[in-house]
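Trainee: Residue strings, one per chain:
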Amino acid sequence: AQSVTQLDSQVPVFEEAPVELRCNYSSSVSVYLFWYVQYPNQGLQLLLKYLSGSTLVKGINGFEAEFNKSQTSFHLRKPSVHISDTAEYFCAVGTLLSGSARQLTFGSGTQLTVLP
Amino acid sequence: NAGVMQNPRHLVRRRGQEARLRCSPMKGHSHVYWYRQLPEEGLKFMVYLQKENIIDESGMPKERFSAEFPKEGPSILRIQQVVRGDSAAYFCASSPVRNLINTEAFFGQGTRLTVV
Chain A
32 AQSVTQLDSQ VPVFEEAPVE LRCNYSSSVS VYLFWYVQYP NQGLQLLLKY LSGSTLVKGI
92 NGFEAEFNKS QTSFHLRKPS VHISDTAEYF CAVGTLLSGS ARQLTFGSGT QLTVLP
Chain B
363 NAGVMQNPRH LVRRRGQEAR LRCSPMKGHS HVYWYRQLPE EGLKFMVYLQ KENIIDESGM
423 PKERFSAEFP KEGPSILRIQ QVVRGDSAAY FCASSPVRNL INTEAFFGQG TRLTVV
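For the protein sequence lines, the chains are A and B, in the order given. First residue of the first sequence: 32, per this note's numbering; consecutive thereafter. First residue of the second sequence: 363, per this note's numbering; consecutive thereafter.
These aren't lab readings, by the way, just hints derived from the structure by calculation. Virtual Cβ for every residue (Gly too), placed ideally from N, Cα, C. Please note that a few of the clues may not be correct.
[Said to hold, decoys possible] Quick list of the computed label-pair ranges, beta carbon to beta carbon:
(1) A/Gln-102 / B/Ile-438: 41 to 49 Å
(2) A/Ser-101 / B/Lys-413: 38 to 46 Å
(3) A/Gln-142 / B/Ile-438: 27 to 35 Å
(4) B/Glu-425 / A/Glu-95: 43 to 51 Å
(5) B/Gly-378 / A/Arg-108: 45 to 53 Å
(6) B/Arg-426 / A/His-113: 37 to 45 Å
(7) A/Gln-102 / B/Pro-458: 28 to 36 Å
(8) B/Gly-435 / A/Arg-108: 41 to 49 Å
(9) A/Arg-108 / B/Glu-430: 40 to 48 Å
(10) B/Gly-378 / A/Asn-99: 43 to 51 Å
[What the hints assert, rightly or not] To give an idea of the interface, some chain A residues facing chain B are shown, with a C-beta separation under 7 Å as derived from the structure:
(11) Pro-71
(12) Gln-73
(13) Leu-75
(14) Leu-77
(15) Gln-134
(16) Phe-137
(17) Gly-138
(18) Ser-139
(19) Gly-140
Generate coordinates for the entire structure from the input sequences, incorporating the hints supplied.
Mentor: Okay, here's the thing in structure tokens:
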């Protein structure tokens, strides 16, 4: 079974400052990792995903994440945030089961609030 | 190109009533996933359906909950005899194929169910 832990439920940060949202996972098999963003009153939108290859993954809106297998982490970063980045961010893990993935396991979310 | 459409966006039910949540997947998508988000928690997988078939319902509560995805029309998540603990946001996602690793799942805006 897999699980995802997002260590911070709330992250306030000033505009143009860097931010890191932390995510740790556990899984007994090979994993595939995702970050989703949820703006107020909207559905989840995929930010980026790690399937294989380079451990540094670049996504939309200037976000990037680094897969660290030894630390079982997949932290999300942005060098300079904007007010419009205020949203809830979810880390998720998917595992390949018998050739297809049936579901994603989500963390509890991190509310990023960008302050002027 | 409409995204995943869920309705209603907000639903209030009294204890003991039935709740019906509808999800219309993106055009061309034949795979639907339902997730539940309890307050202060991440999304939890409930059920995965293809047209006219339930593929994986390992996350569905054993009683009162059912789901269908008929040949024509939206997918329906049905909760009978609702209780206060059913209050949550229910999200639907769709994908064109079965594999959620290489294919992005698109999420709807969710239905927020409140049981009073």
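Trainee: Confirm or reject each hint.
Mentor: How the hints compare with the structure:
1. A/Gln-102 / B/Ile-438: 41 to 49 Å: This hint holds: roughly 42 Å between Cβ atoms.
2. A/Ser-101 / B/Lys-413: 38 to 46 Å: holds (43 Å)
3. A/Gln-142 / B/Ile-438: 27 to 35 Å: holds (31 Å)
4. B/Glu-425 / A/Glu-95: 43 to 51 Å: holds (44 Å)
5. B/Gly-378 / A/Arg-108: 45 to 53 Å: holds (48 Å)
6. B/Arg-426 / A/His-113: 37 to 45 Å: holds (44 Å)
7. A/Gln-102 / B/Pro-458: 28 to 36 Å: holds (34 Å)
8. B/Gly-435 / A/Arg-108: 41 to 49 Å: Between B/Gly-435 and A/Arg-108, where Cβ atoms are some 43 Å apart, the hint holds.
9. A/Arg-108 / B/Glu-430: 40 to 48 Å: holds (42 Å)
10. B/Gly-378 / A/Asn-99: 43 to 51 Å: Holds, since B/Gly-378 and A/Asn-99 (Cβ atoms, about 49 Å apart) stay within the stated range.
11. Pro-71: Given a least distance of 10 Å, the restraint on A/Pro-71 is violated.
12. Gln-73: This hint holds: A/Gln-73 lies near chain B, its Cβ roughly 6 Å from the closest one there, short of 7 Å.
13. Leu-75: holds (4 Å)
14. Leu-77: Holds - the Cβ of A/Leu-77 comes within 7 Å of chain B, reaching about 5 Å at its closest.
15. Gln-134: Holds - the Cβ of A/Gln-134 comes within 7 Å of chain B, reaching about 4 Å at its closest.
16. Phe-137: holds (4 Å)
17. Gly-138: Result: holds, 5 Å to nearest chain B Cβ.
18. Ser-139: Given a least distance of 4 Å, the restraint on A/Ser-139 holds.
19. Gly-140: holds (6 Å)
This entry does not satisfy hint 11, going by the numbered hints stated previously; all others are met.
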